[in-house]
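Everything in the sequence shown is counted per UniProt numbering, starting at 1 for the first residue and increasing by one.
Calculated from the structure, these hints are not laboratory results. Predicted model, so just to flag it, every value in this text is computed and none were measured. Honestly, I wouldn't trust all of these hints.
[Said to hold, decoys possible] Within a straight-line C-alpha distance of at most 25 Å, the following computed BS3-like cross-link-like pairs (lysine-lysine) qualify:
#: 1; residue 1: 21; residue 2: 11
#: 2; residue 1: 184; residue 2: 194
#: 3; residue 1: 219; residue 2: 184
#: 4; residue 1: 38; residue 2: 184
#: 5; residue 1: 219; residue 2: 241
#: 6; residue 1: 22; residue 2: 11
#: 7; residue 1: 241; residue 2: 194
#: 8; residue 1: 9; residue 2: 22
#: 9; residue 1: 11; residue 2: 25
#: 10; residue 1: 241; residue 2: 190
#: 11; residue 1: 38; residue 2: 9
#: 12; residue 1: 21; residue 2: 38
#: 13; residue 1: 11; residue 2: 38
#: 14; residue 1: 38; residue 2: 25
#: 15; residue 1: 21; residue 2: 9
[Stated by the list, open to error] If you anchor each label on the Cβ, the simulated ranges turn out as follows:
#: 16; residue 1: 14; residue 2: 224; range: 49 to 55 Å
#: 17; residue 1: 243; residue 2: 181; range: 32 to 38 Å
#: 18; residue 1: 102; residue 2: 173; range: 25 to 31 Å
#: 19; residue 1: 224; residue 2: 11; range: 33 to 39 Å
#: 20; residue 1: 181; residue 2: 71; range: 38 to 44 Å
#: 21; residue 1: 14; residue 2: 236; range: 30 to 36 Å
#: 22; residue 1: 227; residue 2: 174; range: 14 to 20 Å
#: 23; residue 1: 240; residue 2: 26; range: 50 to 56 Å
Glycine included, every Cβ here is placed at the ideal spot set by N, Cα and C.
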Amino acid sequence: MAKKYYWLKLKNDFFTSRQMKKLRKIAGGDIYTIIYLKLQLLSLQDEGRLYYEGVESNFYEEMALEIDEEPENVQATLIFLQNCGLIEMLTESEYLLTEVPIAIGSETDIAKRVRKSRENKKKALQCNTNETKCNTEIEIEKEIDIEIETDIERESEREKTKNNYQQIADMYNNTCVSFPRLTKLSDTRKKSIKARLNTYTIGDFQRLFELAESSDFLKGGNNRNWMATFDWLIKDSNMAKVLDGNYEQKQTNKTGHNKKQSTTDFYEDMRKWVEEKENGSQDFGF
């Protein structure tokens, strides 16, 4: 899908509205107003929605981390917004800034380039001679046609990729019902999915999730009470091991011994996983 640009359309009376006047009169009100604007900009691509992903211990601390503001200032701003009906909690992990959906402006990069090309075409058609005018018009039309065809092809490919992201997310939620639900496809998660699709098929993802759902160990049936997540499952090395059957349900023979040691090297994998997370690895969607 074509890249999209967003902007926030503020009402003429934004700073003179009763809510903003009241907010700015509070000690630290100017900072709170800036925080409110930052939160609105952060929510533009999701139509006013803000998501809590559990990176910090609570929502306001996570938002403070996201917009580089002090947690106590963000908390005070959110309390004010809630009291004024400017933010609503839809679920424990999803919030809505109520004024944003009606204040979103957007334009795709395709529309932007085509509009610019048309403006150039109009200027070029003002040539002094008919011959120059005719030739320029033909060349510009060719350039526009080529540009549009190229953008359509790219948009089609991006739309296909976007559909794959959502298809895999839905597949996970529908299959891995015992695992934490996936509520948001962050850019990091999309990057991980795209990387895996260079090696695996959509069918491999379905098998991955089915194997995970059938594994008591991955669902928390271990002495550490650890449970796999979507981000853990789609990590390259983990996905390969799950698909190879390393975490399949243990089977016991008549003598009571395990026929298959399904958790071989698991704790070594966990140690590496924790180290990668502590070192700031970006392949987990956090």
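Verification of the hints:
{"no.": "1", "hint": "21 - 11", "in the structure": "holds, 14 Å"}
{"no.": "2", "hint": "184 - 194", "in the structure": "holds, 16 Å"}
{"no.": "3", "hint": "219 - 184", "in the structure": "holds, 21 Å"}
{"no.": "4", "hint": "38 - 184", "in the structure": "holds, 20 Å"}
{"no.": "5", "hint": "219 - 241", "in the structure": "holds, 16 Å"}
{"no.": "6", "hint": "22 - 11", "in the structure": "holds, 17 Å"}
{"no.": "7", "hint": "241 - 194", "in the structure": "holds, 19 Å"}
{"no.": "8", "hint": "9 - 22", "in the structure": "holds, 21 Å"}
{"no.": "9", "hint": "11 - 25", "in the structure": "holds, 20 Å"}
{"no.": "10", "hint": "241 - 190", "in the structure": "holds, 21 Å"}
{"no.": "11", "hint": "38 - 9", "in the structure": "holds, 13 Å"}
{"no.": "12", "hint": "21 - 38", "in the structure": "holds, 18 Å"}
{"no.": "13", "hint": "11 - 38", "in the structure": "holds, 16 Å"}
{"no.": "14", "hint": "38 - 25", "in the structure": "holds, 19 Å"}
{"no.": "15", "hint": "21 - 9", "in the structure": "holds, 19 Å"}
{"no.": "16", "hint": "14 - 224: 49 to 55 Å", "in the structure": "holds, 51 Å"}
{"no.": "17", "hint": "243 - 181: 32 to 38 Å", "in the structure": "violated, 22 Å"}
{"no.": "18", "hint": "102 - 173: 25 to 31 Å", "in the structure": "holds, 30 Å"}
{"no.": "19", "hint": "224 - 11: 33 to 39 Å", "in the structure": "violated, 53 Å"}
{"no.": "20", "hint": "181 - 71: 38 to 44 Å", "in the structure": "violated, 26 Å"}
{"no.": "21", "hint": "14 - 236: 30 to 36 Å", "in the structure": "violated, 47 Å"}
{"no.": "22", "hint": "227 - 174: 14 to 20 Å", "in the structure": "holds, 18 Å"}
{"no.": "23", "hint": "240 - 26: 50 to 56 Å", "in the structure": "holds, 54 Å"}
Hints 17, 19, 20 and 21 from the list above are not met by this structure, while the remaining hints are.
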